[in-house]
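Position 386, counted from 1, in the sequence shown is what UniProt numbering calls 386; the numbers after and before it change by one each time, with no gaps.
The reader is advised that the hints may include incorrect statements.
Straight-line alpha carbon distances no greater than 27 Å define the calculated BS3-like cross-link-like pairs of lysine-lysine that follow [stated by the list, open to error]: (1) Lys632 / Lys273; (2) Lys53 / Lys75; (3) Lys687 / Lys672; (4) Lys76 / Lys119; (5) Lys75 / Lys119; (6) Lys432 / Lys252; (7) Lys438 / Lys214; (8) Lys409 / Lys243; (9) Lys266 / Lys247.
These are calculated hints, taken from the structure and not from any lab test.
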Amino acid sequence: MSDYLVIVESPAKAKTIERYLGKKYKVKASMGHVRDLPKSQMGVDIEDQFKPKYITIRGKGDVLKELKTAAKKAKKVYLAADPDREGEAIAWHLAHSLNVDENSQCRVVFNEITKDAIKESFKHPRTINNDLVDAQQARRILDRLVGYNISPLLWKKVKKGLSAGRVQSVAVKMIIDREREIENFKPEEYWSIEASFLKDKEVFEGSFYGVDNKKKELKTEQDVKSIIEKMDDKKFSVEKVNKRERKRNPAKPFTTSSLQQEAARKLNFRAKKTMMVAQQLYEGIDLGKKSGGITGLITYMRTDSTRISDTAKQEAKGYIEEQYGKEFLGNTSKGKKQEGAQDAHEAVRPTSAIRDPKTMKPVLSRDQYRLYKLIWERFLASQMAPAIMDTMTVHLLNNGVEFRATGSKVKFKGFMKVYVEGTDDNKKDENKFLPDLKEGMVVDATEVTPNQHFTQPPPRYTEARLVRTMEEQGIGRPSTFAPTLDTIQRRGYVSIDNKRFIPTELGGIVIDILEEFFPEIIDVDFTVKMEGDLDSIEEGKTEWVQILDTFYSDFHKRLEKAEQEMEKIEIRDEPAGIDCEKCGHEMVYKMGRYGKFLACSNFPECRNTKPILKEIGVKCPKCEEGNVVERKSKKKRTFYGCDRFPDCDFVSWDKPISRPCPKCESLLVEKKNKKETRIQCVNCDYKESIQN
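Generate the whole structure from the sequences, applying the supplied hints.
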């Protein structure tokens, strides 16, 4: 019999922690929550101060039985769920289910799964934090009140299977508002003038700035003509040269949000995938017996803090000094806490700076390695010295017409030696050199080129942009971003095209209904205030029942009004323009769990359905009868196949193109990466390169 029972959330974590704690400890996993509100009913007694009715989650009976047996045999039970609201709630539910006194020193928390961190955490057990539990419980009940009251209305008035949630509805509204901005956008014309200048056989670029020391906007072609006519010739005098040294500071270590954004930019990871791979790195990777066995490689990945422990800073300092030199050491003073951040635990960082990605690569999968490398580099760079840039701005004059040329070069790389933060607009961070120019010099403009432009609408949201906007506006918390984005796609309220969110007709209908009858549910300010109220509960400043009572008193009145006034909306199926090959009736587009598909309008008499196939204008190279169409795998990866499948089994991950190989007349396919699109033959060594 073990003296102590420790309960964590996942089996992978359990094995690692048991090895660290030794023979007196038995570590078991609860596999997440063991109790929750019932799915078949509201499960909240509104009349009795919103008292929740918790039941054992279906399928968790055996797990709970095993934990109860182990708890009875142990001298003491430690509850070691994750260090956040959800983890605190899991510990509280376990305490109630296993008859553990929640006021005893039964709760253990740790931010990283390393031997030192685990041993230290067991020296300082504490009681269950009921304020954290109340905050989680308030969120859960609040979401249940919204979902289980509005969803049946939507089933009745619009379509079965719909749902409305607090944070997810706000996210859909943001996507719809952006789409309407794009639809209503009216482009405006503007012009620019670019010039190439020559100085001692060195060419550099400059742009029109203004006239007579005043900045001037060029709105029409006539504005451009008047500027060019004003210029005497193509000789420009160097009026002023500004040189200065500029520091560029490193990005802070990752929070949950910034990790999801950067993984989307640099690794093309969806938010859900980022969190899944980060969970694996946090729970532990087998490094082999000589290296310590299963070890957590990163700290807890659900955080809104950029704080770093002094121990981690010192280890990073030693590594930087040894690998790069003292001059690369940064100022590791404490950063300013971000407004609205809970700051419950550290930033996402490697548990040891010494475990560099190159060393870890043999024991990691491709995705684990790429994400670990990103986290490690970001953390190390955050502890390094700023980069120093030499910048130069040159003012060039011709009869009062002013052009400006800017250049910069890296004088000292600093943190850039390890890592540079990505951007949403994919701008390249390159040196832009200017020749050695001095005031009074004369240079020739070899080419002056006017360019017409039109203002562009705001871009659609990518996952990274949406997560960043939600965080900036205070919508949701680190643990909610990825599930929210996943939910709105599964519900069919939005779809993704070219990595950008597009609202569906269904999403628009649901948001219009909510806007009319439940405006606070999709109001950003209301959602932000509610997050603040939940934080206030966590801090012990507010009673959770009071928050729910205030919300429900107004919400209930709106529910009654909606029941009476909401009209039934019929979503008509969109004709597909083709007939059913089985019964001859018209095929229509339907919305299913995984998006749109084709179905017979004669349903239920005819149950014929087909996926929507996108032709790419290429004949099948195998059967020469069918056409190549774009398809999606179960993991949503695009591939190409013959539309005569299963009669023809041609498939290709790479997009075929319509012309044959000029060398051997075999199939040519398109291969893409960030820098270029390459066309190559599947049979011989023929290749073409096209810059993106």
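Status of the hints after comparison with the structure:
Note on Lys632 and Lys273: the hinted pairing holds, with a Cα-Cα distance of about 18 Å set against a maximum of 27 Å. This hinted pair does not check out: Lys53 and Lys75 have alpha carbons roughly 30 Å apart, beyond 27 Å. In summary, the hint linking Lys687 to Lys672 is supported, as the alpha carbons are separated by about 13 Å, within the 27 Å threshold. Simply put, Lys76 and Lys119 have alpha-carbon atoms about 16 Å apart, close enough for the 27 Å limit, and the pair holds.
Of the pairs offered as hints, the one joining Lys75 and Lys119 holds, with about 19 Å between alpha carbons and a cut-off of 27 Å not exceeded. For the hint linking Lys432 to Lys252, the alpha-carbon distance of about 26 Å falls within 27 Å, and the restraint holds. For a cut-off of 27 Å, the pair hint linking Lys438 to Lys214 stands: about 22 Å separates their Cα positions. For the proposed pair Lys409 and Lys243, the alpha carbon gap of about 11 Å is at most 27 Å, so the pair holds.
Proposed proximity of Lys266 and Lys247 is supported: the alpha carbons are some 24 Å apart, at most 27 Å.
In this structure, the one hint that does not hold is number 2.
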